[in-house]
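Asker: Chains as they are written, first to last, in my numbering: chain E, 1 to 220; chain H, 221 to 1046.
Calculated directly from the structure, the hints in this document are not laboratory data.
Please note that the accuracy of each hint is not assured.
[What the hints assert, rightly or not] DSS-like cross-link-like pairs, simulated, lysine-lysine; straight-line CA separation at most 25 Å:
(1) H:Lys685 with H:Lys499
(2) E:Lys165 with H:Lys685
(3) E:Lys88 with E:Lys126
(4) E:Lys165 with H:Lys559
(5) H:Lys741 with H:Lys543
(6) H:Lys685 with E:Lys128
[Claimed, not checked] So the derived label-pair ranges between C-beta atoms look like this:
(7) E:Arg44 with H:Val471: 54 to 62 Å
(8) E:Pro90 with H:Glu426: 35 to 43 Å
(9) H:Phe703 with E:Lys47: 55 to 63 Å
[Said to hold, decoys possible] Computed far set for chain H versus chain E, every beta-carbon distance over 10 Å:
(10) Thr553
(11) Tyr630
(12) Leu698
C-beta: ideal position from N, C-alpha, C; glycine also.
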Amino acid sequence: MPSAWPLTCLSKRTPGSGPGASVSGKERAQRQAVSSDQIEQLHRRFKQLSGDQPTIRKENFNNVPDLELNPIRSKIVRAFFDNRNLRKGPSGLADEINFEDFLTIMSYFQPIDIAMDPEQVELCRKEKLRFLFHMYDSDSDGRITLEEYRNVVEELLSGNPHIEKESARSIADGAMMEAASVCVGHMADLPRCCGGPVRPVAVIPWGGPELPCAPLPLTA
Amino acid sequence: MAGRGAPGWGLLWALALALGGLPRARGIEEEPGGAHGSEGFQVVTFKWHHVQDPYIIALWILVASLAKIVFHLSHRVTSVVPESALLIVLGLVLGGIVWAADHLASFSLTPTVFFFYLLPPIVLDAGYFMPNRLFFGNLGTILLYAVVGTVWNAATTGLSLYGVFLSGLMGDLRTGLLDFLLFGSLIAAVDPVAVLAVFEEVHVNEVLFIIVFGESLLNDAVTVVLYNVFESFVTLGGDNVTGVDCVKGVVSFFVVSLGGTLVGVAFAFLLSLVTRFTKHVRIIEPGFVFVISYLSYLTSEMLSLSAILAITFCGICCQKYVKANISEQSATTVRYTMKMLASGAETIIFMFLGISAVDPLIWTWNTAFVLLTLVFISVYRAIGVVLQTWVLNRYRMVPLEIIDQVVMSYGGLRGAVAYALVVLLDERKVREKNLFVSTTVIVVFFTVIFQGLTIKPLVQWLKVKRSEQREPKLNEKLHGRAFDHILSAIEDISGQIGHNYLRDKWSNFDRKFLSKVLMRKSAQKSRDRILNVFHELNLKDAISYVAEGERRGSLAFIRSPSTDNMVNVDFNTPRPSVVEASVSYLLRENVSAVCLDMQSLQQRRRSIRDTEDMVTHHTLQQYLYKPRQEYKHLYSRHELTPEEDEKQDKEIFHRTMRKRLESFKSAKLGINQNKKAAKLYKRERAQKRRNSSIPNGKLPTESPASTFTIKENDMEFSDPEEAPDNGVEDMSGGIEFLAGVTQDSATGPTAGIDNPVFSPDEDPGIFAQVPPWLSPEETVAPSQRARVQLPRSPGTFRRLAPFRLSTKSVDSFLLADGAAPESTHM
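Build the full structure now, drawing on both the sequences and the hints.
Answerer: Have a look at this one:
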């Protein structure tokens, strides 16, 4: 696991100035975490969520009314307490998170600055990917099993009352198979991730670099 | 082109001559007709004048369409020269011929025809197939370019031309400031038809395309307002324009644009509502789409609102509900009709632009004016784009790069809208109309031909990111959905109102209210993008499977037991009792729509022939989702096909799932022989990939953080109904049934299907034991049957159930062939 603190891979960006804003080379060089304005804003929100407590518990997220309709709500909330995302351990869930942890999670959603050097971009993307992967991999064993994937798909489709569970399952199965076939197709390129041709494991294909790495929005 | 196109060109010449000759012929032919008219009843009369107008129109359309065929005879030409440019040149040539023959420019693009008949289909097509998400995601950018950009272009071009005019460079023109501004406003707008025609062939990335194209659509409101305002100012005369009039102009902009949009949305609502109730009039269903959207265009034209905006938004808003409501056939009809109309209209527009230019009456040359117009529109467009992008990039998440800006500036093509507007000018008010017309024609030709010709090399040279044309993967759809939810959740949590927040709220609103009103009950159920992708992928696999089978000879691809094909031990003639048992089992299991024909077949089973028939039938029903051959020609105007599809689709869907579960299951159980076959399969793959670095299937262990793997071993089948009972429950389809037959006769304890990709690999020993003569593909297939099997290349090894079928056949095949040698090893 790379030791890089996720915030460090975020380039300085003042709120309101998009990634295209002219950032001088000097500024670009000295990478800075989320800007202080953003931190302040997030801190206000954090206090609002926690009810002026130093930490947030899972229940606090129930107070966000808009979140209620989100079908994968539980997965998302869980991600906030996932030790892997918080960089506190290889598995398990934290009971409560403080503001720093909150910031750590939020920092996963910073846009990638295309002006950064490729290594940094790569690192950032990996971080984002890992975050998503952790969301799917609920038992923290480093693998997304079919059952886990089915779970996610079922939750995803639970917003539509007309889709039966069986349909959701079979979609998950189909996606898994597709993953397998895509993975086999790219096996030469992804030997580590797929484990070579003889090991029948599958990777979730990201459909090229664009999909997962699309800059997640500036959320603060 | 000269070589290959020559016959085509000859044909066109002939046609053109015929067209030129026809009007003259009329005069000659009519006389005898009139003279003999009084001699009583005529068996045959020649009434050219009777059909003249529609005849000529039809002929022109035919000529344009034939020209398209000719252009596409040579791929090399069309890949370099955009079709629109070719059509303009063709129009020039044809116009020249007609003029040479007749000295009469009788054909020209009139504004009425253009605005009422040619433009609406193109814009409707654009709206109806608009990628909504992309469009609304970039709406801010598009609006800025469309409104500010167009005003900027109009103002700067008009003012600069006026400035140059004052300097006296243009000589003596009878114009004033307002005339120049009027000209500027009509030449400023980027033309949707031209942009679409050129950009469709260039394939720049979607964002760039949607920005340029969206701008060209939405700037219509600005153009209409500017044009109307300045025209009325010109009519009033420069001295009489007051400040109030200017304010009125600004107000009218909002009225025109918002009003047009509202009209469009209202008609979209109406259209969606109407299509909800067309279940019993399927055959006229597609008509509603066209008629109601056309009405939205006419309505807003009537109210002097922006008609283009109206029909665009009508298409954009209705597409979701209409596509869900109308039947699949109707959707296809709508799609093709719309594309046909749009493409036809586009063809005619460009050809007639060329023809219209061949008219000496309109030509007034003023070198300075023409050249300066060209320079100004290009330069100011570039400046405008750079300025606006600079502002936009402060807010855009993905900034527009310099390359994008270059393409956007260069892609500002002017087209038929400008031409139609300039022709509409009143010569009594705008005394230099002819100069304006000829300049507009030059500008249009320059942008469409020169820029259209060079934009492709430019895009290649600048290495502009191209669009990827490929089908969405099921996983991509799923993850995309998950991303949407995650992002909107994060925006919720961080308390920020952004794109995702709005989209989320909108989709909730849509699901809760709009869809309930506007969508059919049945459509609401199946209306899910992910389900759709899944369905489409299934469909595609089924089609490719069938196509492959057909290619290899009729129905031989169905692994049916037949008497004349007894090469394989496994495919012994099934004993009648077995058949009976299976059939009755089948009937007991499946008393649904799919089985109806089975029941009818029941009476005449017994014989093997019939069994085969039945299996064939069943397979066809299962795997040929929409077999073309099964469409009967019904000579009824109101019925097209029986409506059994939905039930069938659902059945197929569930069957597919079951099959998939089955394959997972058998992979889990992993019965020996099948596994061996699978192993064989894998080994072939392994060899193909030359990936011998991992010899016995052991994976280099990864750290938990870096493994993005999904392990098959962890699969659990806890659901009792999917109990690993060798798939007995799941033997519902004809193919499983067949598999049962095979199993019984082969006396082997076989699992139904094995999915080689997912089969576990616990025992590398077996892998080593596979006889060497079995491994290469060629030697695996010594039997007759083997030759009709489907290819086992990774490309065809795809995800879904129909394919499962083929895998199975391959596997049982390998079983058949491998049985004897392997038994010696055991």
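Asker: Indicate, hint by hint, whether the structure satisfies it.
Answerer: Verification of the hints:
| no. | hint | in the structure |
| --- | --- | --- |
| 1 | H:Lys685 with H:Lys499 | violated (44 Å) |
| 2 | E:Lys165 with H:Lys685 | violated (40 Å) |
| 3 | E:Lys88 with E:Lys126 | holds (18 Å) |
| 4 | E:Lys165 with H:Lys559 | violated (38 Å) |
| 5 | H:Lys741 with H:Lys543 | holds (14 Å) |
| 6 | H:Lys685 with E:Lys128 | holds (23 Å) |
| 7 | E:Arg44 with H:Val471: 54 to 62 Å | violated (41 Å) |
| 8 | E:Pro90 with H:Glu426: 35 to 43 Å | holds (40 Å) |
| 9 | H:Phe703 with E:Lys47: 55 to 63 Å | violated (28 Å) |
| 10 | Thr553 | holds (26 Å) |
| 11 | Tyr630 | holds (20 Å) |
| 12 | Leu698 | violated (6 Å) |
Figure legend: structure checked against the earlier numbered hints; hints not met, in rising order: 1, 2, 4, 7, 9 and 12.
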